[in-house]
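S.K.: One-letter residues, chain by chain:
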Amino acid sequence: MGGQDVLGKFRKEIRKAEYPRELAIDVMYALQARDGYLTDEGLVEGAELLGMTPLEMEELATFYDFIYREPVGEFVIHACDGVVCWMFGEESVVDYLCRKLDVAVGERSRDGLFTVLPSSCIGQCDKAPAMMIRDRTYGPLTPEKIDEILETLKQGHFPLIDEGDRDV
Amino acid sequence: MFEPLLFKNRRPERPATLDEYRRGGGYEALAHALRNLSPADVRHLVGDSGLRGRGGAGFPTGRKWEGVPDDGPFPRYILVNSDEMEPGTFKDRVLVNIDPHMVIEGVILAGYAVSAWKGVLFIRHSYEREAALFEKEVAAAAEAGYLGRDILGSGFTFEIKVHRSGGRYICGEASAQVKALQGERPRPDKTAHMARKGLWERPTVVNNVETLAYVPHIVRKGPEWFKGLARTGAGTKLYCVSGRVRNPGCFELPLGTCLSEIIEKNAGGMLPGSVFKACLPGGASTGFLPAEFYDIQMDFDVLKEAGQRLGTGAIIVFDEGTCLVGATLNLMTYFARESCGFCTPCREGLPFVRDLLHRIEAGQGEASFIPMLKEMCGAMSHAYCAFAPGAVAPLKGLLTYFEDEIREHISQGKCPYGPDPRPRELTDGALWSA
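Protein chains in written order, with the numbering used here: chain A, 720 to 887; chain B, 287 to 720.
There may be inaccurate statements among the hints.
[As the list claims (entries may be wrong)] With a cut-off of at most 27 angstroms between alpha-carbon atoms, the simulated DSS-like pairs for lysine-lysine come out as follows:
#1 A/Lys728 <-> B/Lys590
#2 A/Lys728 <-> B/Lys447
#3 A/Lys731 <-> B/Lys465
#4 A/Lys731 <-> B/Lys447
#5 A/Lys731 <-> B/Lys422
#6 A/Lys735 <-> B/Lys465
#7 B/Lys465 <-> B/Lys294
#8 B/Lys551 <-> A/Lys735
#9 A/Lys728 <-> B/Lys465
#10 B/Lys483 <-> A/Lys735
#11 A/Lys731 <-> B/Lys590
#12 B/Lys590 <-> B/Lys513
#13 B/Lys513 <-> A/Lys735
#14 B/Lys483 <-> B/Lys422
[Unchecked claim] Incomplete in silico selection of chain B near chain A, CB under 7 angstroms:
#15 Pro373
#16 Arg415
#17 Gly453
#18 Arg454
#19 Lys465
#20 Gln468
#21 Gly469
#22 Arg471
#23 Asp475
#24 Pro534
#25 Gly535
#26 Glu606
#27 Leu610
#28 Ala613
#29 Cys629
[As the list claims (entries may be wrong)] Not everything, but these chain B residues come out facing chain A in the computed CB check (under 10 angstroms):
#30 Ala317
#31 His318
#32 Glu370
#33 Thr686
Keep in mind that the hints were calculated from the coordinates and are not lab data. The C-beta atom is built at its ideal place from N, Cα and C for all residues, glycine as well.
Generate the whole structure from the sequences, applying the supplied hints.
M.R.: Given below as structure tokens:
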């Protein structure tokens, strides 16, 4: 973490851009990827880069679900709390995850690997109850399936997506 | 036999490639339009086809495009709305995964029709895989000469970029989406006239992904053919079915297909042991349709006449064993959280409604809560934008068709459906009076 010049690729774009702040979300995502979450220092750095005040950047950062202003685990588990997932026991999914990982919602697990966040409908209603980790979605979930997923991630394997795994 | 249009290249677990799309006539509409049609011709074809926006509002697409003034400034923009955060809705995700080039061709044609220079796919964070796929296929289209400078030697220049959202429901609203793209805090702006002064104060057309995917077909086969596909209205529709059905999924069917037919034929009927109680016909911001509407035709006008809304056509099915007070509480919790907070009725009213429902569901309800809930439904029309009135649509349905169920909660002092599924404890502040 830290030190990497993740903003380098934006500097060139910003020089060319008529409106640098249109890159605000991308810059926040890049800072978050570098530091694990959007730190106070990162926020100031991003704001300076885009010619915004830190307050303007904070206004954006706190508006969006996927910009984390608090430390989170390496894997943020977004458990869908949409109405369809609710119908299929979403609350049990969140409870189960929290018990399994020994965390409260929003907390980081002791090994630093996981944070559980209930999230707005993630558009996987045909696979309810569902959750999302990074850019991968899982569902319909059962306790056994959750155990398996957590175990894979703990062992350091983040399953890559291949073409034979599309949501059609 | 019904031939799917948008889903004609649907195959298990793999998107159609550029070549596969072309083999079925893909990019012929673009070549034809650039060679033989003026931008106005394309606008008229789409206008005559009766195509209505599939993002929820059902606004006629041709009329939206005609709103861009001929002498409007440049550059002009097409925003491809793929934010799709309406609970129950996942059609755009499926569509982009099945045939990304159909969407791309639609975007380019829309760009040509209003003389835009740039298209932006606005996509939600949860669809990162689709965003990456779309970017890859945009590059393939550019490589093949369908995007970039002087497309197919016509002199028309157009590019497409992908914007990944930070994730918030309100970004699906056109004027909020523009603010999001400009790096401002996204909140709706009712003074904005997108077609004149949208993104960076330039003419901007915001269309849903599904809407744009119909355009190549209309240009290639004509408006009359398109109209003929529907049972009522014009064209086909992507219906998503989820909830207590056997085979939840996304199905392309003639617009105006009956609800009962979609549930029984396409979604495989109710889950074993489940009996249909109600559905939300078009996502979370539409009202509950009880069993008396089971045979209704799923079309914009038919539902409107029945006092309902087609919305996104995302059918969420509830069965007799599901507590609709609990379901409505879930929905109100969602909307209270997603409110952008700009205006008071929405920011304060939705949490108030949520807390009343929470108390009813927890067995602490009082008879006086029912008139309060009714009053709040009306009060939401004083909110600044359409978010709050949409948010209370399910609550209105609950009060209209299932008031007895609310009363049962109150008289029994508990949820008659038992604890599961039950509402989550509210974590953000005390109830309005303890």
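S.K.: Now tell me if each hint is right for this structure.
M.R.: Evaluated hints:
| no. | hint | in the structure |
| --- | --- | --- |
| 1 | A/Lys728 <-> B/Lys590 | 50 angstroms, violated |
| 2 | A/Lys728 <-> B/Lys447 | 17 angstroms, holds |
| 3 | A/Lys731 <-> B/Lys465 | 23 angstroms, holds |
| 4 | A/Lys731 <-> B/Lys447 | 17 angstroms, holds |
| 5 | A/Lys731 <-> B/Lys422 | 22 angstroms, holds |
| 6 | A/Lys735 <-> B/Lys465 | 21 angstroms, holds |
| 7 | B/Lys465 <-> B/Lys294 | 36 angstroms, violated |
| 8 | B/Lys551 <-> A/Lys735 | 54 angstroms, violated |
| 9 | A/Lys728 <-> B/Lys465 | 24 angstroms, holds |
| 10 | B/Lys483 <-> A/Lys735 | 23 angstroms, holds |
| 11 | A/Lys731 <-> B/Lys590 | 51 angstroms, violated |
| 12 | B/Lys590 <-> B/Lys513 | 19 angstroms, holds |
| 13 | B/Lys513 <-> A/Lys735 | 46 angstroms, violated |
| 14 | B/Lys483 <-> B/Lys422 | 31 angstroms, violated |
| 15 | Pro373 | 4 angstroms, holds |
| 16 | Arg415 | 5 angstroms, holds |
| 17 | Gly453 | 4 angstroms, holds |
| 18 | Arg454 | 6 angstroms, holds |
| 19 | Lys465 | 10 angstroms, violated |
| 20 | Gln468 | 6 angstroms, holds |
| 21 | Gly469 | 3 angstroms, holds |
| 22 | Arg471 | 5 angstroms, holds |
| 23 | Asp475 | 15 angstroms, violated |
| 24 | Pro534 | 4 angstroms, holds |
| 25 | Gly535 | 5 angstroms, holds |
| 26 | Glu606 | 13 angstroms, violated |
| 27 | Leu610 | 11 angstroms, violated |
| 28 | Ala613 | 6 angstroms, holds |
| 29 | Cys629 | 16 angstroms, violated |
| 30 | Ala317 | 27 angstroms, violated |
| 31 | His318 | 28 angstroms, violated |
| 32 | Glu370 | 6 angstroms, holds |
| 33 | Thr686 | 18 angstroms, violated |
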